[in-house]
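*Asks:* Here is what each chain is made of, one letter per residue.
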Amino acid sequence: MTSTIVAQNIRRTSLARRHPAILMGSLGVLALVLSFYGLSVGATEVSLGDVLRALVGDTSTQASQIVIDFQLPRVLLCWLVGTALAVSGAVMQGVIRNPLAAPDIIGVTKGSGFAGMLLLLAIPGLPVVAVVPAAFVGGLVAAGIVYLCAYRGGASPIRIALVGIAVSAAFEAGIRFLLVRNPLDVSAALIWLTGSLFGRSMTSVLEILPWVLVLVPLIIVWARKLDVLGLGDDLAAGLGEPVERTRRMLLFFAVVLAASAVAVSGTIGFVGLIAPHMARRVFGGKHFASIPAAALFGVLLMLIADMLGRGLAPPLEIPAGLVTAVVGGPYFLYLLVKTGK
Amino acid sequence: MSASTGTLPKPADSADAQRRPRITTNRQRVTWVTAAMLVVLVVGIGWSLSIGSSHIDLTQLPSAIFRARTTDELIVQSIRLPRVVLALCVGAALAVAGALMQAVAANPLAAPEIMGVNAGAVLVVVLAVTVVPSLSGAPTILLAFGGAAAAGVSVMLLAGSGRGRVSPVRLALAGVTASSLLISLTQVLIIFDENSTDSVLFWLVGGVNYAGWHDVRILLPWLVLGLVGAFAMARPLNLLALGDDMARGLGQNVERTRLLGSALVIVLCGAAVSVAGPVAFIGLIVPHIVRRLVGSSYVVLLPLCALGGGALVLYADIVSRYVKPPFEVPAGVVTALIGAPIFVYLARRQKVTS
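So the sequences go chain by chain: A and B. Oh and the first sequence: position 266 is 266 in my numbering, straight run, nothing missing. Oh and the second sequence: position 46 is 46 in my numbering, straight run, nothing missing.
Since the hints were derived computationally from the structure, they do not count as laboratory data. Where a beta carbon is used, it is the ideal one built from N, C-alpha and C, also for glycine. A couple of the hints might just be wrong.
What the hints assert, rightly or not - Partner residues aside, some chain A positions facing chain B, computed with beta carbon under 10 angstroms:
hint, residue
1, GLY25
2, GLY28
3, LEU72
4, PRO73
5, LEU76
6, ASN98
7, LEU100
8, THR109
9, PRO157
10, GLU172
11, ALA173
12, GLY174
13, LEU190
14, PHE270
15, LEU273
Said to hold, decoys possible - Simulated coverage check for chain A against chain B, where a stretch passes if three residues somewhere in it have a Cβ under 8 angstroms from a Cβ of chain B:
hint, segment
16, 142-153
17, 191-201
Claimed, not checked - Computed beta-carbon distance windows for the label pairs:
hint, chain 1, residue 1, chain 2, residue 2, range
18, B, ARG349, A, GLY285, 27 to 35 angstroms
19, A, VAL214, B, ALA241, 46 to 54 angstroms
20, A, GLY230, B, LEU220, 51 to 59 angstroms
21, A, GLY284, B, GLY243, 35 to 43 angstroms
22, A, TYR334, B, ILE79, 26 to 34 angstroms
23, B, VAL299, A, GLY199, 58 to 66 angstroms
24, A, TYR334, B, GLY243, 24 to 32 angstroms
25, B, VAL323, A, MET202, 52 to 60 angstroms
Using the sequences and the hints, build the whole thing.
*Replies:* Shown next, in the form of structure tokens:
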């Protein structure tokens, strides 16, 4: 009897659970290799040798100039945006206590989208970069509205989710209104809405970098609090956790991360939803391991999506957000079936 | 305590009477609500016919409905009247579909826009419009049926409604995520096809601004089919509301009721979306408001939902003309802005969330 249980336990603890560092390290190496390859994909073919030369600092040839000016910011943004979205999604799922939650749920995406569109369409010809602060603020405002509307002696996770859906719908209506009002500039706005890393420069990288550098380590340090919150409000309070305050802080971090990601890249769907799932499947439910893993999966997803978007039909660019939606949607549906049983 | 025994029975009795669940709704109340809704509808119709870029006097309306000799009469007959009729039809279709869906899914948050039914219809219609631009009219409606059916059925199955009651939140999250997938696919189609962007975008918001008799003719047969079917199903739906086991015990074929109800939802939503676009939130909020007013018996709920939905779209259309004249905001924007606070209110009530 006992021996069978022990045997099962041994079989169940995979390599990943016993030595998470090894697998996480190899995921990181995979991401690095992919990034290196990603530097060479694009409308103009750049050889891997040129990429290497450019990275070393030799910017004499035109090819290496392309790598430094156009490809490098994109790859860096893939890392930052992927990390931000995935960590934000992992926190959101932990706080809402529902595996279907995503950063979009709390209204960030639609709020950012609305604010960004307002600026893009009100002042046509504005460079995309100027949209970033507006979209960032828009996302925060939307999330604030959701939290306030859901607050009723504490914001229960379910209310947050439902109110988020409603507020998102209202902002969505606003976005559509703007689209209808200004049919001439719609194409650029729509591409931004779908989420793309096209034409981003180092400025965008610097706009998201501080948030990721500060908040992601903070969240990893707080990972145990997420584990405690996952036990339910009553038990968490019994363990001495100030539930409402912790939830508010964690939500705030998640929202800031998501808003900064949406602001620089537009609304890239499903990364925040499925990367945490992948991480949990491989590394188990403890947030201390699953959050960094989610970040790595997010980076991988973004790298692949952006590379496919650039490489599938050059010189035509398929927005990365579309690729993640097409790849992530079915995976999400599969998850839904699986968790339903 | 002992002193109050003499007086206790009376208040206890009346309190008991109040608490007793009301199965058949108060006839008088239903009459009043119906009368009020009809008045609101008639006022709305008159208002909607008379305003616009050329103001038409109310006294001219009765004659204008039947003949078209002067310019004003022509405007009423060929532009404003179809618009009003279409608004009523679309509102009725979506509201009744929402009520049906809430009954079939046994879930207060089930609604065509939440469950991805509308988004599915939209995706297939946009696909048809962008890939085969000449396609319009009757085939589109069939395509919309297909899209609505595929999206709605898959969300229901995936959210696990085959296995008894699903939690409202799970259903809502599943539906919203599926919708967002469908919407982003739709956006992509629009990005890649720049020629048809304008008309598609306007249709995408949902509204009856460019309605013609042609649209009404497409919608009407399906609407009649859907409404008659829904009204005929009122009693089985009432039984279904008692729970699956109870309904089965009372001799209901639960699966058949569900199947028929879902089919009607798809017909109503597909038809409405294919002519007017996805007008937001009608199917979610109208049934809740009407249920508040007249109770939850589907015998009276469904017809009143039809009236209320029509009124809501009609007034949203009127408001849409006032926001920024002469530009017209699509009615879908207005209904979304009205619907979102009501949804928030619903979510804040414990009943839905617990």
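*Asks:* Within the segment 191-201 of chain A, is the number of residues with a Cβ closer than 8 angstroms to a Cβ of chain B three or more?
*Replies:* holds (count 3)
*Asks:* Does the nearest C-beta of chain B fall within a distance shorter than 10 angstroms of the C-beta of LEU273 of chain A?
*Replies:* Status holds, d = 7 angstroms.
*Asks:* Can you tell me whether the CB distance of TYR334 of chain A to ILE79 of chain B sits inside 26 to 34 angstroms?
*Replies:* violated, 49 angstroms
*Asks:* State, for the Cβ atoms of VAL323 of chain B and MET202 of chain A, whether the hinted interval 52 to 60 angstroms holds or is violated.
*Replies:* Since VAL323 of chain B and MET202 of chain A have Cβ atoms about 42 angstroms apart, the given range 52 to 60 angstroms is violated.
*Asks:* Min Cβ distance, PRO157 of chain A to chain B: is it shorter than 10 angstroms?
*Replies:* At about 9 angstroms, which falls below the 10 angstroms cut-off, the nearest Cβ of chain B leaves the hint on PRO157 of chain A intact, so it holds.
*Asks:* Let's test the interface hint: is any C-beta of chain B closer than 10 angstroms to that of GLY28 of chain A?
*Replies:* It is violated, given that the least Cβ distance between GLY28 of chain A and chain B is near 29 angstroms, above 10 angstroms.
*Asks:* LEU190 of chain A was flagged as interface toward chain B. Is the shortest Cβ-Cβ separation under 10 angstroms?
*Replies:* Holds. Min distance 5 angstroms.
*Asks:* Does THR109 of chain A hold up as a contact with chain B if the rule is Cβ-Cβ below 10 angstroms?
*Replies:* At about 9 angstroms, which falls below the 10 angstroms cut-off, the nearest Cβ of chain B leaves the hint on THR109 of chain A intact, so it holds.
*Asks:* Taking the beta carbons of GLY230 of chain A and LEU220 of chain B, is their distance inside 51 to 59 angstroms?
*Replies:* Roughly 53 angstroms apart at Cβ, these two residues keep to the hinted range, so it holds.
*Asks:* Given a cut of 10 angstroms on the nearest C-beta pair, is the interface hint for PRO73 of chain A held or broken against chain B?
*Replies:* violated, 23 angstroms
*Asks:* Range first: 27 to 35 angstroms. Now tell me if the beta carbons of ARG349 of chain B and GLY285 of chain A are that far apart.
*Replies:* holds, 32 angstroms
*Asks:* Holds or violated: is there a CB of chain B closer than 10 angstroms to the CB of ASN98 of chain A?
*Replies:* With Cβ-Cβ at 7 angstroms, under 10 angstroms, it holds.
Going through the hint list in order, the structure does not satisfy hints 1, 2, 3, 4, 5, 22, 25.
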